[in-house]
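Asker: Just need the whole structure built from these sequences, with the hints factored in.
Chain order of the listed sequences is G and U.
Note that my numbering has the first sequence beginning at 1, numbered continuously upward.
Note that my numbering has the second sequence beginning at 1, numbered continuously upward.
Mixed in with the good hints, there may be bad ones.
[Claimed, not checked] No more than 20 Å apart at the CA atoms, straight line, and that leaves these computed lysine to any residue pairs for SDA-like: (1) U/71 / G/564; (2) U/80 / G/603; (3) G/510 / U/34; (4) U/71 / G/562; (5) G/510 / G/499; (6) U/71 / G/515; (7) G/487 / G/517; (8) G/414 / G/424; (9) G/510 / U/28; (10) U/71 / G/559; (11) G/250 / G/363; (12) G/261 / G/300; (13) G/609 / U/18; (14) G/609 / U/40; (15) G/609 / U/67; (16) G/405 / G/393.
Hint data in this document are derived by calculation from the structure and do not stem from the laboratory.
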Amino acid sequence: MTDHLKFSPDILRRLGEELVPAIDQGIVELVKNAYDADATTCEIALVGLASGKGSISILDNGTGMTGKQIRRGWLVIGRSEKNKNSLTPKYNRVPVGDKGLGRLAALRLGDRVTLTTRPAAEPGKQYSLVLDWLQYENAELVEDVELAIKEADTDRPQGTEIRIENIGDRVSRGTVSKLARSLLLLSDPFARFGEQLEENKPKRNSSESDSDPGFSASLLTEEFNDLQAKVSQSYFNDAEYRIQAEVDDKGSAVFRILDWKGDVLHQAPADEAFDAPPFTFDLWAYILNSESFSTRTSTVSEVRNWLSELGGVHVYEDGIRVPPYGGADNDWLELNLRRARSPEGRPSTNTSVGRVKVTNIGGSLVQKTDRIGYVENFAFTELKRACVEALNWAARILLKERDRKREAEKQSKKEKAEKATKNLERVLNRTVKPTERRRVDSAIRSYVEQTEKEADSLREELELYRSLATAGMTSAVFAHEIGRPLKLIDSGIKGLMRLIPAEQQDAAGKRVERIQTSRDRLSSFVSIPLRLLSKSKRRTGKVDINAAIGSLVTMLEPVSAYYETVIEFVPSEDGLFFNGTEALLDGILLNLVLNSFNAFQRESFEQEKRRIKIETWSDTTSIVIRVEDNAGGIDGVGIEDIWLPGVTTVADGTGFGLTIVRDSIKDLNGTIHADALSDFGGARFTISLRPMRELFAK
Amino acid sequence: MELAGVEPPPSVTIIDDDPEDREDLMDLLRDHGIEPRPVNDRYGQDIDRLVADILAIGSSFVICDYRLQPKNFASFSGSKVVRRLGMSKQPAMLLTMYQSNNRLELRQERADMPVVVSRRDFEVERLGDYAEICRREFSDNPIDQRRPHRSLIAIRDIRNNHGPTELDVVIPNWRPDESIILPELCLAPGVTTGLEVGDYLLGDVNVGAEDEDDLFFRNVNEVIKACEISDL
Numbered sequence: 001m002t003d004h005l006k007f008s009p010d011i012l013r014r015l016g017e018e019l020v021p022a023i024d025q026g027i028v029e030l031v032k033n034a035y036d037a038d039a040t041t042c043e044i045a046l047v048g049l050a051s052g053k054g055s056i057s058i059l060d061n062g063t064g065m066t067g068k069q070i071r072r073g074w075l076v077i078g079r080s081e082k083n084k085n086s087l088t089p090k091y092n093r094v095p096v097g098d099k100g101l102g103r104l105a106a107l108r109l110g111d112r113v114t115l116t117t118r119p120a121a122e123p124g125k126q127y128s129l130v131l132d133w134l135q136y137e138n139a140e141l142v143e144d145v146e147l148a149i150k151e152a153d154t155d156r157p158q159g160t161e162i163r164i165e166n167i168g169d170r171v172s173r174g175t176v177s178k179l180a181r182s183l184l185l186l187s188d189p190f191a192r193f194g195e196q197l198e199e200n201k202p203k204r205n206s207s208e209s210d211s212d213p214g215f216s217a218s219l220l221t222e223e224f225n226d227l228q229a230k231v232s233q234s235y236f237n238d239a240e241y242r243i244q245a246e247v248d249d250k251g252s253a254v255f256r257i258l259d260w261k262g263d264v265l266h267q268a269p270a271d272e273a274f275d276a277p278p279f280t281f282d283l284w285a286y287i288l289n290s291e292s293f294s295t296r297t298s299t300v301s302e303v304r305n306w307l308s309e310l311g312g313v314h315v316y317e318d319g320i321r322v323p324p325y326g327g328a329d330n331d332w333l334e335l336n337l338r339r340a341r342s343p344e345g346r347p348s349t350n351t352s353v354g355r356v357k358v359t360n361i362g363g364s365l366v367q368k369t370d371r372i373g374y375v376e377n378f379a380f381t382e383l384k385r386a387c388v389e390a391l392n393w394a395a396r397i398l399l400k401e402r403d404r405k406r407e408a409e410k411q412s413k414k415e416k417a418e419k420a421t422k423n424l425e426r427v428l429n430r431t432v433k434p435t436e437r438r439r440v441d442s443a444i445r446s447y448v449e450q451t452e453k454e455a456d457s458l459r460e461e462l463e464l465y466r467s468l469a470t471a472g473m474t475s476a477v478f479a480h481e482i483g484r485p486l487k488l489i490d491s492g493i494k495g496l497m498r499l500i501p502a503e504q505q506d507a508a509g510k511r512v513e514r515i516q517t518s519r520d521r522l523s524s525f526v527s528i529p530l531r532l533l534s535k536s537k538r539r540t541g542k543v544d545i546n547a548a549i550g551s552l553v554t555m556l557e558p559v560s561a562y563y564e565t566v567i568e569f570v571p572s573e574d575g576l577f578f579n580g581t582e583a584l585l586d587g588i589l590l591n592l593v594l595n596s597f598n599a600f601q602r603e604s605f606e607q608e609k610r611r612i613k614i615e616t617w618s619d620t621t622s623i624v625i626r627v628e629d630n631a632g633g634i635d636g637v638g639i640e641d642i643w644l645p646g647v648t649t650v651a652d653g654t655g656f657g658l659t660i661v662r663d664s665i666k667d668l669n670g671t672i673h674a675d676a677l678s679d680f681g682g683a684r685f686t687i688s689l690r691p692m693r694e695l696f697a698k
Numbered sequence: 001m002e003l004a005g006v007e008p009p010p011s012v013t014i015i016d017d018d019p020e021d022r023e024d025l026m027d028l029l030r031d032h033g034i035e036p037r038p039v040n041d042r043y044g045q046d047i048d049r050l051v052a053d054i055l056a057i058g059s060s061f062v063i064c065d066y067r068l069q070p071k072n073f074a075s076f077s078g079s080k081v082v083r084r085l086g087m088s089k090q091p092a093m094l095l096t097m098y099q100s101n102n103r104l105e106l107r108q109e110r111a112d113m114p115v116v117v118s119r120r121d122f123e124v125e126r127l128g129d130y131a132e133i134c135r136r137e138f139s140d141n142p143i144d145q146r147r148p149h150r151s152l153i154a155i156r157d158i159r160n161n162h163g164p165t166e167l168d169v170v171i172p173n174w175r176p177d178e179s180i181i182l183p184e185l186c187l188a189p190g191v192t193t194g195l196e197v198g199d200y201l202l203g204d205v206n207v208g209a210e211d212e213d214d215l216f217f218r219n220v221n222e223v224i225k226a227c228e229i230s231d232l
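Answerer: So, in structure tokens, the structure goes:
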């Protein structure tokens, strides 16, 4: 007698939900099956989600399956990767589906699945099959549940429909939006702008057959339509430049910088070869300011919105997207970190959009079992390295270019100044009598001296700000770097807890909790410089004062909790807006609040209930922001001297905080008034800013 | 160091405003079989009450955090507490983060604090040594590293940009090639006026100190003007 391995129904859950936990990716796997079946369209409908019973149906117009194909293919779970070398019969597509685990996870979303398929190979025939998961729950072994494939006649066209019923509350609104995005980006949306992208461009490796009319998957929901409307616009022509890397099947790479028309500005072969499958990497970089968009038909905000939906570097393997690359918060090429380290010539995920188009016929890139990304094997590491090398090469070129421009500008200014001096000399010689000339020369000399003094003082201030900027940049770089050690702490804690015997887990838990608390505190402290340096805060425009202050106060919560201080924010009833940057407002308030924290800790000053109050209101002519504390007021320095650089009353103060406050308010055409001691029990700063309408009226 | 292997004290009083740090230190002591005795109240400006509470607890050693203000435990620093405990001959040490700015603040008070250790270098195994260093100092027999010697202090630079005056000085008797910052507050009031670069000061300095942070200055009360010694 022979025996067989048998499987408990539990294995279905392990293989499905546990290996592929992302529901949207499970559904995308079903859509990929449609692509592999040479379908041109695939529609996903979500019905009655709110009822708590809802269903999902996936309908395609592909080649369908015969009874034999259902038996030998669809019902077999976990068979290794489809042969990438055998292309699909009709459109010669490279198959993109895999082991079927994602499919299993998706099918198990509901209680019951109905598969209906009409094979192209057997016109007029329809096969159907029902999977009732409740039967599996009651069965002892997977094999105990019998499945019947029913055959019937039909006059409907070829295709496959999968209907998953009774999905309960397993598909949330968040999942629907994620699914909409995944589907929209699934088949290369860049390809739609193919013609304009391919212009002036050397021929690429491509596996797409000419006869393939393409594939589109759509989700029949409002989210999808909205998103589609946003993404369907093309703003590639508005890019400032485009970085490109092309790696051929021998691993040789060429790096390029192209202009918006697609003309090659710079080109160089890479110094070394890359052991990656052939691919092309394109990154369109934008300068999102009104100056750069002044001569274009599109607006900065249109492009910004578009980038926020599409931004990131997406990976398309043989025309189908591989998540999570280029997804929300996925910065796999570390564009943002590179930009923080060296901002010049470095695009960020907010200012660029990119695509890696790879042909994986050789199968050297292997997707993870959960279908989220590639296994980080040698081929993938090499692909990534090639992209990073291209970015580094481009950054060096752009930096040189910018330096050259600056030098040229300096030279041109110098020449203009010399010309102006000569011109003045000529005019003076012609118009001033020789008897008057000495007096005029002396007056001009005195004027020049004064101007130079002013320039010197500006230079000094510039130096001060440079050193502060360096400090800010440095802290941002370290703040970026802190992520890794924090993660290491997390995994270290988990690992240690596993090593601790059960009877000592309680005692160890307390200590571990302390490490965790400290880790969280560290994490929130370092996130402050990152948030302050975020580019969005440095955009000039309409700033909602109350929203900006509210978010700053929230950001400071861990710090104020640490210093046992309550920050009370009393916003005006009506909205207050000014024209400027949020970063400037953050800088002003943060300096004032940090001063208060320091003041509370002065030697010999006692305050049981530490309070900082921020109020906003508007009077007839201006917006007023008031910051006060109950830290005993300003002493040890004259109220008129507090604005001077380097003046401080605390040992660890830099003395620059209030200088920055004063300068920032000046930049906003506002005023600030300081009271050494207010009724509230401490220093009070009252800032007046011009409201937005007045600025516009001007 | 001339001390080694002195038995650690059986119990230690802990003063730390941060509950997480305090608990951590207590666990560390318990791990070594030492009973930790925390002080948990709030003291505002009342250092007398805190000192009385510590003395009443009666541990043979006290560990005090430098910054007691952030969590509003007290409005004075731990260095004041350690100095006050020293006046009552209670062995105590100061635990600090030793960051750049408080190094200078501590230099002014270092003479009256036998043991100041950074959190990074703190070792429970050395608590016995720390207590012994205090006891030796209370009985006027300090260890070599804490013994003051009348020393020359050469002034290399004087700075007073927007704050208290600081001198860059070299103590040839300690390290002739190393300059350190000496706050003017470490000098006796009578000698501060008319100081110039090149002048020498005379004061009691523990030149046996191994680290710059362990140096202290007492009785810096004599000046030798540069012009006087140029004739020598």
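Asker: Could you tell me which of the numbered hints above are not met by this structure, giving the numbers in increasing order?
Answerer: Structure breaks no hint.
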